[in-house]
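Undergrad: For reference, the chains in residue letters:
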Amino acid sequence: MYVIPMLIVTTLIVFSLILIIPGDPALALLGDNATEEKLALLRSQLGLDQPILIQYWNWLTNAVQGDLGRSLFTGEIVSDAVFSRLGVTFQLVIASILFSFVFGMTFAIASVIKPNSWMDYLSRFVGTLGTAIPNFWLAMLLIVLFSVNLGWLPATGFISISESPTGFLQSIILPSICLGAFGAAQITRQLRSSLLEVLESDYIRTAYSKGLLLWPVIWKHALRNSLLPVITTTGLLFGNMLGATVVIETVFAIPGMGQLAVNSILQRDFPMLQGVVLVMVVLVLVINFVTDVLYSVLDPRIEFK
Amino acid sequence: MRGHNEPVLEVKNLCSYIPTSRGVIRPVNNISFSIGAGEIVALVGESGSGKSVTALSVMGLNSPSIKYEKESIISFKGANLLKMKKRQMKKIRGNEISMIFQDPMSSLNPLHPIGKQIAEPIQLHQGVSYKKAKKIVLQLLEKVGIPDPENRLNDYPHQLSGGMRQRIMIAMALACNPSLLIADEPTTALDVTIQAQILNVMKELQKDTDISILIITHDLGVVAEMADRVLVMYCGEIVEEGDVYSLFQNPQHPYTKGLLASVPKLRGASEKHLHTIPGTVPNPLELPKGCNFSSRCSFATDKCLSDAPDLIETGKDRRAACWQIVDSQKEEVTVHA
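If you read the sequences in order, they're chains A and B. Residue 304 in my numbering sits at position 304 of the first sequence, and the numbers go up by one each step. Residue 125 in my numbering sits at position 125 of the second sequence, and the numbers go up by one each step.
Bound-form chain A, shown alone (with noise of 0.2 Å):
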């Protein structure tokens, strides 16, 4: 079990970082103008006058127990705050995940049927363009064309599934397609090497020769035995699409933990980002076992112990 000191090890490590920000806690609450006294007072109220390894280790009891502590600026519950923002954020990754997953494919695919056509090139170069290009800047060439000159699509905001399927697709579009810009070049790359490589197998020339045709042949044979590489480059794209919506959900207004993450280090809202971060990892953690299992599921001779 690998999960509990990984979890130990990157809370200490982001509550170390906590100490490398500049800045104060209680001095951002109370303002420029508190004296002396008051912010003494309220970092002891608050415990940021112990050392840091108590309060880790105050925090970390505490969290074992379910308890994240407060917002130091809201007093908001910490657990709760995040929990309500984990459904919008894990909404707008899992629909990253799947404009990747359908473009990576389309394109891969094309590219292999027939190897240095025009459309191989094509998928080659979108490949590297997605690779290349930062999603802020995608963001923000998509909101000008699609929000402001077409009027299409909201530029920001966030609609949840739950509330308005319509509303969802409308305004996850934009967001998803950034987010997911670097995925879906991943998946076409990855899986077009490892297409190309399973094409040329033996299995392959014996399935053309029971007398399947090509498609066919990619489709039964080829498709499931490329996967497994990119079942591991999605399970690595999903910390790091988590790690993007910090970008992606300030772009857009989409009340995300990524935003939820940028307002908490803004503000020194220590307790806060701390659960966000806690949050993160452990989804992180989550995807990593999922994609374990996934292996033995498409590999029957992967055994999952």
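Do not rely on the hints blindly, as some may be mistaken.
Under the rule of at most 25 Å between Cα atoms (straight-line distance), these lysine to any residue pairs were calculated in the SDA-like manner [as the list claims (entries may be wrong)]:
(1) A:Lys-220 to B:Lys-134
(2) A:Lys-38 to A:Asp-49
(3) B:Lys-289 to B:Asp-307
(4) B:Lys-116 to A:Glu-200
(5) B:Lys-90 to A:Ile-218
(6) B:Lys-116 to A:Ile-218
(7) B:Lys-91 to A:Leu-213
(8) B:Lys-135 to B:Leu-205
(9) B:Lys-67 to A:Leu-196
(10) B:Lys-143 to B:Glu-96
(11) B:Lys-85 to A:Ile-218
(12) B:Lys-135 to A:Pro-216
(13) B:Lys-90 to A:Ala-110
(14) B:Lys-143 to B:Gly-163
(15) B:Lys-85 to A:Glu-200
(16) B:Lys-131 to B:Glu-142
(17) B:Lys-67 to A:Glu-197
(18) B:Lys-131 to A:Leu-298
The hints are simulated quantities; they were obtained by calculation from the structure and are not laboratory data. This one's a predicted model, so the numbers in the text were calculated from it and none came from an experiment.
Fit chain B to the known structure of chain A by using the hints.
TA: Same frame as chain A, but now just chain B:
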């Protein structure tokens, strides 16, 4: 020897080439042969002699970089396979002509249960559901000697041994009762005891179904065990052809002689070194001007170095391509005259 009047497969002037930046390579250079119904023909030769390219030409599975000269004909039951459209070829492949490959370890899809893999050609060519195909699959598994087939259906290839996997490949190839089976070195990747078992399975099935078999091998033991007729290939050409008994007893081409002499013997040869054919197979881009074998042949004359011999009749059902034989035939003619 079995009767085989009507040829199932007729290959005429098969000529394939690969244009490269350094010149044209001819993996198969103008070969002709036929396979009768129920006949087992062995295609023998070293690596790179064009055996597999010939087999894959029949299946239409050569890489697209290999092209065919216009006069090449591969006639299967009267239709030229080389001129066929993909859709038509699809109906023949796996249905009327099927193939077993060299390495059973990598020739089965690792992610599909073997039952589904064997059923696939049946479902494809007979348009039946997996449920219906399963009955045929069980019979096939029994035929190829898989014990307890019912419990094996859902096994994955990695759960089976090499010999078992090759049996699965055979079952798969025979699923639609093809009239021609191409076996490309079916025993090369297996150890010796398993080799014998696999050859036995193939022979038994051949007797039961009267299927024609083209077996590709470099193992003369396999040839002796299986074949009715033998084609010896060298550098993309057939250099000798004959029925298995007379060819083994009386090889005519120096290359065939060399091959047969290179087989290790248990008795009488313990003090001698193993015979080898001197030299190596020439680079396909720099083939000799005359006979392709001339650079390694101990009988080569000036004529061998300048002109290539044709494959000529040398007896009943015997053909060979060698100037020595041409000359000795001429001598016979003059003596008789």
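Undergrad: With reference to the structure, classify each hint as holding or not holding.
TA: Checked hints:
{"no.": "1", "hint": "A:Lys-220 to B:Lys-134", "result": "holds (19 Å)"}
{"no.": "2", "hint": "A:Lys-38 to A:Asp-49", "result": "holds (13 Å)"}
{"no.": "3", "hint": "B:Lys-289 to B:Asp-307", "result": "holds (7 Å)"}
{"no.": "4", "hint": "B:Lys-116 to A:Glu-200", "result": "holds (22 Å)"}
{"no.": "5", "hint": "B:Lys-90 to A:Ile-218", "result": "holds (16 Å)"}
{"no.": "6", "hint": "B:Lys-116 to A:Ile-218", "result": "holds (17 Å)"}
{"no.": "7", "hint": "B:Lys-91 to A:Leu-213", "result": "holds (10 Å)"}
{"no.": "8", "hint": "B:Lys-135 to B:Leu-205", "result": "holds (18 Å)"}
{"no.": "9", "hint": "B:Lys-67 to A:Leu-196", "result": "holds (22 Å)"}
{"no.": "10", "hint": "B:Lys-143 to B:Glu-96", "result": "holds (19 Å)"}
{"no.": "11", "hint": "B:Lys-85 to A:Ile-218", "result": "holds (20 Å)"}
{"no.": "12", "hint": "B:Lys-135 to A:Pro-216", "result": "holds (24 Å)"}
{"no.": "13", "hint": "B:Lys-90 to A:Ala-110", "result": "holds (22 Å)"}
{"no.": "14", "hint": "B:Lys-143 to B:Gly-163", "result": "holds (14 Å)"}
{"no.": "15", "hint": "B:Lys-85 to A:Glu-200", "result": "holds (23 Å)"}
{"no.": "16", "hint": "B:Lys-131 to B:Glu-142", "result": "holds (17 Å)"}
{"no.": "17", "hint": "B:Lys-67 to A:Glu-197", "result": "holds (23 Å)"}
{"no.": "18", "hint": "B:Lys-131 to A:Leu-298", "result": "holds (23 Å)"}
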